[in-house]
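Engineer: So the chains spell out like this:
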Amino acid sequence: MIENIDLSLVDWSRAQFALTAIYHWLFVPLTLGLSFILVIMETKYVRTGSEKWKKTTKFWMKLFGINFAIGVSTGLILEFEFGTNWSNYSWFVGDIFGAPLAVEGIMAFFLESTFIAVMFFGWDKVSKRFHLASTWLVAIGANLSALWILVANAWMENPVGMIFNPETARHEMLSFWEVLFNPVAMDKFFHTITSGFVLASLFVTGISAWFLIRNREKEMAIRSIKVATIFGTFASVVMIFTGDTSSRTIAKVQPVKFAAMEALYEGQTDAGLTVFGILTDKDGEGDLDEKNIIARIEIPGFLSVMTNGDRDSFVAGIKDLVKGNEEKGIMSASEKIERGKIARKMLLEYKEAKTQGDNERVYELKTRFEDSNFQEEYFRYFGYSYLNNPADIVPNVPLVFYSFHVMVALGFLFLLLQLLAWYFTANGSIGKRKVFQWMLLFSIPLPYLASVLGWLVTEMGRQPWIIQDRMPVGIAVSSLSASTVQTTFWLFAALFTALLVAEVSIMTRQIKNGPKIEEE
Amino acid sequence: MPVWGKKVWLVILIKLFIMFAVLRIFFFPDLLRKNFDTDEERGEHVFDELIIKTDTDD
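Going line by line, the protein sequences match chains A and B.
Here the first sequence stands for residues 2 to 521, where the numbers follow our numbering.
Here the second sequence stands for residues 3 to 60, where the numbers follow our numbering.
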């Protein structure tokens, strides 16, 4: 079955989506976090009336503006790709995906784009308080935009609040609130925006450290570091906390991804948390052979405690999830494949009955599809019907494992950096600590790396699915030639690289100019 | 308007032109909208893609 799909088309379509998503994501988190740092700085200005705070706010607002202007709309390209490269998916997903994106467009994006004009051009045209309110609304609007996009993305991870209609071959929304308050969406939203806050705070501290190294704008730099580190420290704590709650949710709704994140091949009670590990995957994806793990340092029992709050609890491994574990009530992938095939056969029967005009049979099958038990017991495994081998449900374990562990390590490093910067600012020694200033400067790219690694865990960890359990990626692509997608891949690579070069060059120029030139 | 502001506006306009006047029109049509007139036809097409095109070894 799935061999009939042109894999080079699938791979190029995936590569193109990954390229555009990664480039787009280079702009987004800075917007999410820096907008709130601007809010804090401008609030200080309005409360104190100090021109120093105004100058500081305007300097960072200039960098925010460059990033926002160059990054804005780059996400729309992802929507172009849905319609062209992923038309089967776009249809199958129905209004579930469209509704949050429409709300994002109408509510959040307009909120953000309307008030951003006041924020940039309204300094001397509106009152201080109105200007501050605009900055607040831009920050809230930007983060609300992220909410709706993440709600849509979370539905792909954990489809809830809908029913499949065989008449239209689409999913239909049953409960908007269930889609919105999907536990994956809530965890993802708070984890993502706080990671953006951390990225922005390290961006501000890093650039401020550069001013300190160059012995320029010291007062503004220290003032900025103060705001950014306090904001960033709290954001780091929430980010780590929401990362933990996200992992627990993943353990429930995407257990294979969770097992891959921990490279846990055999399910265990008293499972240890891997702190460090070296893996090999000689035979490629889907290999279940545990000899692939060369070395591992773990905290005994901690994974069971973190996942279920109980050291004696069982955490499913990859083998349990592929082969099934009757004792623990885990269904095998083979059983899911059988159930998926039953659902697909019924869909085919429905189509045939409709073609033959057998209304009685059409009604009978439609009633069956509307039965929540059928949806829950059979149709939810629809995507498995396309798999040939139960081990196909296993993602690339080393990639997911390393991405996850490097991201987590970086998350803790960020907290440490922020705490140190806060401490050195509080005791007045930050201006003298040259080594630490260089560390802050060189740490600017690290949260970008961590952010992309987080998305790699999210998206690669749920392979082979585009919609968890319901649709594998290979089925979602449109009937196109791979060469068409290759052409647009390189066009995007060129366009986004040009945008990134423009962003970096305009931004570095403005940073070098500092706040004084901004007044011109 | 400062020089950097003009540069940013130029980048925005070029970017939007490439995205909407070139990529969207020539490279990224909405395939289902382009190839089919009604939702029913679109649904039929995806149905065939999901069920029939991939259904060879059952």
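These are computed hints drawn from the structure, not numbers from a lab.
All C-beta atoms in this analysis are idealised placements derived from N, C-alpha and C, irrespective of residue type, glycine included.
You may find that some hints are simply not true.
Some chain A residues flagged as far from chain B (calculated, every beta-carbon gap over 10 angstroms) [stated by the list, open to error]:
1. V73
2. S88
3. L447
Mimicking BS3-like on lysine-lysine, the simulated pairs with C-alpha atoms at most 30 angstroms apart in a straight line are [stated by the list, open to error]:
4. B:K8 - A:K355
5. B:K9 - A:K513
6. A:K129 - B:K9
7. A:K513 - B:K8
8. A:K59 - B:K36
9. A:K55 - B:K9
10. B:K8 - A:K53
11. A:K53 - B:K36
Engineer: None of the hints should be skipped; say for each whether it holds.
Structural biologist: Each hint tested on the structure:
| no. | hint | result |
| --- | --- | --- |
| 1 | V73 | violated, 8 angstroms |
| 2 | S88 | violated, 5 angstroms |
| 3 | L447 | holds, 26 angstroms |
| 4 | B:K8 - A:K355 | violated, 60 angstroms |
| 5 | B:K9 - A:K513 | holds, 16 angstroms |
| 6 | A:K129 - B:K9 | holds, 28 angstroms |
| 7 | A:K513 - B:K8 | holds, 18 angstroms |
| 8 | A:K59 - B:K36 | violated, 47 angstroms |
| 9 | A:K55 - B:K9 | holds, 24 angstroms |
| 10 | B:K8 - A:K53 | holds, 26 angstroms |
| 11 | A:K53 - B:K36 | violated, 56 angstroms |
Going down the numbered hints, you'll see the structure goes against 1, 2, 4, 8, 11, while the others check out.
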